[in-house]
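Trainee: Chain by chain, the residues run as shown.
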Amino acid sequence: MLSTMLRYLTTHWEYVGQLTAEHIRIVFLANGLAVVLGLALGIFISKRGREGLAELVLYVAGILLTVPSLALYGILMAILKALGLMSIGIVPVVVALTLYGLLPILRNTTTAVRGIDPAMIEAGRGMGMSETQILWRVRIPLAVPAIMAGLRQAIVMNVGIAAIGAYIGAGGLGQLIFRGIANTRADLVLVGALCVSLLAIGLDVALGVVERLSTPRGLRKGVRG
Amino acid sequence: MIELRDVTKVFPGGTQAVDGITLVVHEGEFCVLLGPSGCGKTTTLKMINRLVPLTSGTITVGGRDIQKLRATELRRRIGYAIQEIGLFPHMTVAQNIATVPRLLGWRKAKRRARVRELLGLLGLTPVDEFLRRYPAELSGGQRQRVGVARALGADPAILLMDEPFGAIDPITRERLQDEFLRIQREIRKTVVFVTHDIHEAIKLGDKIALMKEGRLIQHATPSQLLAQPADDFVRGFVGTDRTLKALRLTSVREIMDSGPLSVRDDDSLAAARRAMDRLERSFLPVVGEDGLFLGWVGRNSVLGPPSVCVGDRITPYAVLGSPDMPLNEALALMLESATGNLPVTDEDRRLVGLVSFDRLFESLRQIYVEREAGEGSP
Ligand SMILES: Nc1ncnc2c1ncn2[C@@H]1O[C@H](COP(=O)(O)OP(=O)(O)OP(=O)(O)O)[C@@H](O)[C@H]1O
Ligand SMILES: [Mg+2]
Chain A
1 MLSTMLRYLT THWEYVGQLT AEHIRIVFLA NGLAVVLGLA LGIFISKRGR EGLAELVLYV
61 AGILLTVPSL ALYGILMAIL KALGLMSIGI VPVVVALTLY GLLPILRNTT TAVRGIDPAM
121 IEAGRGMGMS ETQILWRVRI PLAVPAIMAG LRQAIVMNVG IAAIGAYIGA GGLGQLIFRG
181 IANTRADLVL VGALCVSLLA IGLDVALGVV ERLSTPRGLR KGVRG
Chain B
1 MIELRDVTKV FPGGTQAVDG ITLVVHEGEF CVLLGPSGCG KTTTLKMINR LVPLTSGTIT
61 VGGRDIQKLR ATELRRRIGY AIQEIGLFPH MTVAQNIATV PRLLGWRKAK RRARVRELLG
121 LLGLTPVDEF LRRYPAELSG GQRQRVGVAR ALGADPAILL MDEPFGAIDP ITRERLQDEF
181 LRIQREIRKT VVFVTHDIHE AIKLGDKIAL MKEGRLIQHA TPSQLLAQPA DDFVRGFVGT
241 DRTLKALRLT SVREIMDSGP LSVRDDDSLA AARRAMDRLE RSFLPVVGED GLFLGWVGRN
301 SVLGPPSVCV GDRITPYAVL GSPDMPLNEA LALMLESATG NLPVTDEDRR LVGLVSFDRL
361 FESLRQIYVE REAGEGSP
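Chains as they are written, first to last, in our numbering: chain A, 1 to 225; chain B, 1 to 378.
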């Protein structure tokens, strides 16, 4: 079995590489959107006086995450079709992954932005910062590590969910798996699964580095002193 | 100048935190808000920079009603050091200190020069090293200093400080207080300083405003507060040892007998004996040719042949006082010393004065007399 897998990989590396590239593209596209939406929405709902709204948004995002991906694709296909948009292929998958990726980013952004030590806020306000200045100069920089952690979670999670997108023609590494299932070729299923896992692990490690680098130096653990 | 007139604060829950306070803090004055926990000190302070909106009354800063100013502008003109220090952990020490200058749009070169000046002023040296550090890389005492430096950032005329030397060990705390006093003598800010520590209040304040349950009970200088407590609450708050506290307020310089009579080490014993007879003293200080204090000569040791000089019969001194020493320390030293006289010398150990027990008791008695008089009147 291992040898057939290896043989497949050596003979089809170009094809596997292309699928990996498709996979990454879908995940990054979706998470790029999720980050923009999540940050904007997260910052918007973490303003003082919007606690109720924040609860609601987080609740809805949480429910979305419990919808099985295949069902969500189905629902989105119907909606997109009704809207006259492209209803199969990459579009519904990207939209679905964006929705899934939203929760970890939203949740981390709001808890971090709202959970800043009140002494920081008081110091900022007492020195004459406006609420907007406090948001951009204090709250958001202090929330960066948590936001990055949320993004990392979202990306790793979406690598797995994106595999199922091949079922509705979005391409990516899921194709190997679905073809393997259709032709009862376990080696193909395993190659696909292995690549998805390796991709998830690789991205997790790489994003861990990015997360550390993007953390303001004073907030990094293990600063001297 | 800061002026509070009939200022009241009732929080939304119904707590009356401040109840009709009227208080004037003059230009360059160091006013301490003192009182037990929950008496409304922080609330009073925060109303001055509008972090807490007032319920009624008026506050003016530099003659202008704070309600008529934009809150952010008002705050940028008032230095503010909070109890929790609240340094921004994602910013360097330099960026923290330059917060208000940046808000005011100072140019980079000016900001940088100001940061260096303040680091030097607060003893955070080498300056180049501290500039680049993050709050996590500082000790507690250093963080307090940066907190004070940040409050001084844009050189405001007014400083509001809420227990800025709170959470540090007593020794570092004393040192910070001393340094802050030195700085304050130099920069002469109008300061409102919150503490619940009577010792800190006495040490730092030109005036003390003692509060209780949101009301101002007594507003007076530290010595007035000690000598003439307005009521039992004040008496209880300043403590049973207020005589000793009053001693802390007076320095040796104020009561010492300056330019005391002394004998030289090359004087003859006979001359010393004559001087003792004339002054009716049994001990005299001995100084060298250069005025350096050498020790004492007593009546028992001046009996001897005329050829012997005082220098051969010196009793070494046990203790020395300095002009800036508070009287409580002087008293402690005298109780240890055999002579009941404290020689006072300058940094070069030249004799500049003497404090005798009689002198000390006289000043103590005055404190008592003042107090009796104070308590007798309504
Ligand atoms: N935001 C608030 N809402 C409601 N009540 C408050 C608020 N802030 C303070 N209080 C109440 O007002 C009273 C005075 O509080 P304040 O913080 O001014 O006391 P303090 O003298 O500074 O005490 P401490 O020495 O403990 O800091 C307290 O009873 C407190 O519980
Ligand atoms: Mg307080």
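Calculated directly from the structure, the hints in this document are not laboratory data.
Here the structure is a predicted model, which is why all the values come from computation and not from measurement.
It is possible that some hints are incorrect.
Selected chain B positions facing chain A (Cβ under 7 Å, derived; list incomplete) [to be verified]:
#1 Y80
#2 P89
#3 H90
#4 T99
#5 V100
#6 L103
For each residue, glycine too, the CB sits at the ideal point set by N, CA and C.
Trainee: Each hint: holds or not?
Mentor: Hint by hint, here is what the structure shows:
no.: 1; hint: Y80; verdict: holds (4 Å)
no.: 2; hint: P89; verdict: holds (5 Å)
no.: 3; hint: H90; verdict: holds (4 Å)
no.: 4; hint: T99; verdict: holds (5 Å)
no.: 5; hint: V100; verdict: holds (5 Å)
no.: 6; hint: L103; verdict: holds (5 Å)
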